[in-house]
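One-letter residues, chain by chain:
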Amino acid sequence: MQVSLKRAIYEENDRLAAAINAGLRRRGIYTVNILGSPGAGKTSLVSRLAERLSRPLSVIEGDVASDIDTRTLRALGVDAWQIETGGDCHLNAPMIEAMLGKMKVEDAAWLFIENIGNLICPAEFVIGEDLKIVVSSAAEGHDKPWKYPIIFARSAACILTKLDIAEAIGFDEAAFRKGLETVAPGLPVFPLNGKTGEGADHIASWLIAARKAAAGT
Amino acid sequence: MHEAGAAQAIVGMLVEEAGARGAGRVDAVHVVAGETGSYMEESLAFYLGFFAKGTRAEGVRLDLRVVKPKLTCSSCGLVFERRRFSFSCPECGGDAVITDLGDEFYIESIELSGSA
Chain F
1 MQVSLKRAIY
11 EENDRLAAAI
21 NAGLRRRGIY
31 TVNILGSPGA
41 GKTSLVSRLA
51 ERLSRPLSVI
61 EGDVASDIDT
71 RTLRALGVDA
81 WQIETGGDCH
91 LNAPMIEAML
101 GKMKVEDAAW
111 LFIENIGNLI
121 CPAEFVIGED
131 LKIVVSSAAE
141 GHDKPWKYPI
151 IFARSAACIL
161 TKLDIAEAIG
171 FDEAAFRKGL
181 ETVAPGLPVF
191 PLNGKTGEGA
201 DHIASWLIAA
211 RKAAAGT
Chain V
1001 MHEAGAAQAI
1011 VGMLVEEAGA
1021 RGAGRVDAVH
1031 VVAGETGSYM
1041 EESLAFYLGF
1051 FAKGTRAEGV
1061 RLDLRVVKPK
1071 LTCSSCGLVF
1081 ERRRFSFSCP
1091 ECGGDAVITD
1101 LGDEFYIESI
1111 ELSGSA
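Those protein sequences? They're chains F and V, same order as listed.
In this text, residue positions in the first sequence follow my numbering: the first is 1, and each later residue adds one.
In this text, residue positions in the second sequence follow my numbering: the first is 1001, and each later residue adds one.
So that you can see chain V by itself, here it is in the shape it has in the complex (with noise of 0.2 angstroms):
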């Protein structure tokens, strides 16, 4: 649901680093997103393509790489991530604390090309 506000901020930061490195296009964007915030691809990318219109992102393409919260097994001490719809141990069955939320949202990297 707040998939706008990043898209747009996204747009923004690939702009200035194209224009900085003098690159025509920016072909790709390397996102990072902890699982916690909710971010959903389709979304994400739907609106990146629509704030990157007319820009020298247009048509990039998102990968999304979403990193999952990790937890510790209270009872057998396991560390592991979290698994769809469960929070505890998948050794012992235990009670698991989250000792790593994994709240992360940055760019990690981004495919140019051409020249400006």
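Bound conformation, chain F alone (with noise of 0.2 angstroms):
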């Protein structure tokens, strides 16, 4: 006997997120999921955002093994909470729920989640975001937009980082560019100096914005 079903292999998941998300919003609460490679600058973009952003701001890092970001994080005195998944690729929804029980989230606040570096399962997955942004990094190649479309694709902006040794590297941002525009036309770039923190202001003001079109919504 054949069945029609057609059901989602991950509407457990999204269900969850979809509720974490609604429980988030109702308290005034903006959720960023944080993409991108391992060593792409995801948690250097978090420090320079937490030095402009006016409201309280969590963040929930995560990570298949060790503390090293919870611990960079809070030593700048951000509220930053670890989860270690040991093995698995990417968070999910799940997680997201039983973490968000042990902090506090203060109403009103920023939470940003620095998701696992990994430029495939991530972007798979909704964990309770309002939305995506992808941090890319010169020294990972040019070739990124063409090699991993669905990140690109699910992001709502692209951080473009390490520009400073783009010459040394061959990295050519035209490339790039074409290759955004080819596999997520339209998605705004944003170059990130996370070093010096350059360019961090242009992204901290497209949040707010981002944020205040999803409160008129």
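Source of the hints: derived by calculation from the structure; they are not laboratory data.
The reader is advised that the hints may include incorrect statements.
Computed from the model, here is a short list of chain V residues facing chain F with C-beta under 7 angstroms [as the list claims (entries may be wrong)]: (1) 1002; (2) 1097; (3) 1111; (4) 1112.
Everything numeric in this text was worked out from a predicted model, so none of it was measured.
Don't be surprised by glycine CBs; every beta carbon is placed ideally from N, CA and C.
Please dock the two separately framed chains into a single complex, following the hints provided.
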């Protein structure tokens, strides 16, 4: 007997993610899921934004192993919490629900979730966020949009880091942007120098505008 | 690399659907996956076999249909499926833009037999 189903394989995760997002929104919390390769500069981005955003900020750090990033952020005075997946290559909604039960996110705060460094799996899962952003570094090469379309296609912005070494490593920014136009037409790109913070003001302004736009919907 | 979690979710649904219909066995599962999700058929089949052991879905056959992204040529407007290693238009060679990512991942149908 053949039975037609049409059941989404991640339906349980998707349902929980929607419930998490609704709960956070009710409390005025805006949630950003930060994606990118290991070493792309995700934690540096969070550090630079923490210096610029006036509302309270809480951060969930996802890593396969260690709490290095959480300690880095706490040293800067950021309310950071660690999920150590012990092998899982992405965060999922049940992990976020469990962590939210442990930490105390203030009402009307920002919640940043730094996903596992990986360009494939994290793009496929909603975890309660309002939007995803992807951090891509010049060090990874300009071919990344073509090689990993889904992560760029599902993100609302691309943060382009380490451009100060672009020349030395032969990174072709025009080729990178052309790739983005192919896989994610119209995706805004924000250059960021994670060391100096140059470019972070624009990202903060863009996030604040995105948050205001979401509040108006 | 993420097939294990997906296989576990699929087996859960197979067992639930077979139970709800009083079927003894799940013979086959037809899955549709977007190419951009990077699901490997061999790997998914391996993990399905692993997680289905001892359940009504033990020995289930996987039929995976992969959906390719659709692109639109910026020069001539042709809509085409992405070919391997290429993002350019097969007609005019122009640059194209992905207009349908094809990122679905769902169970389309199942084949059941026997009674519980």
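The hints, checked one at a time:
| no. | hint | in the structure |
| --- | --- | --- |
| 1 | 1002 | holds, 4 angstroms |
| 2 | 1097 | holds, 5 angstroms |
| 3 | 1111 | holds, 5 angstroms |
| 4 | 1112 | holds, 5 angstroms |
No hint from the list above goes unmet by this structure.
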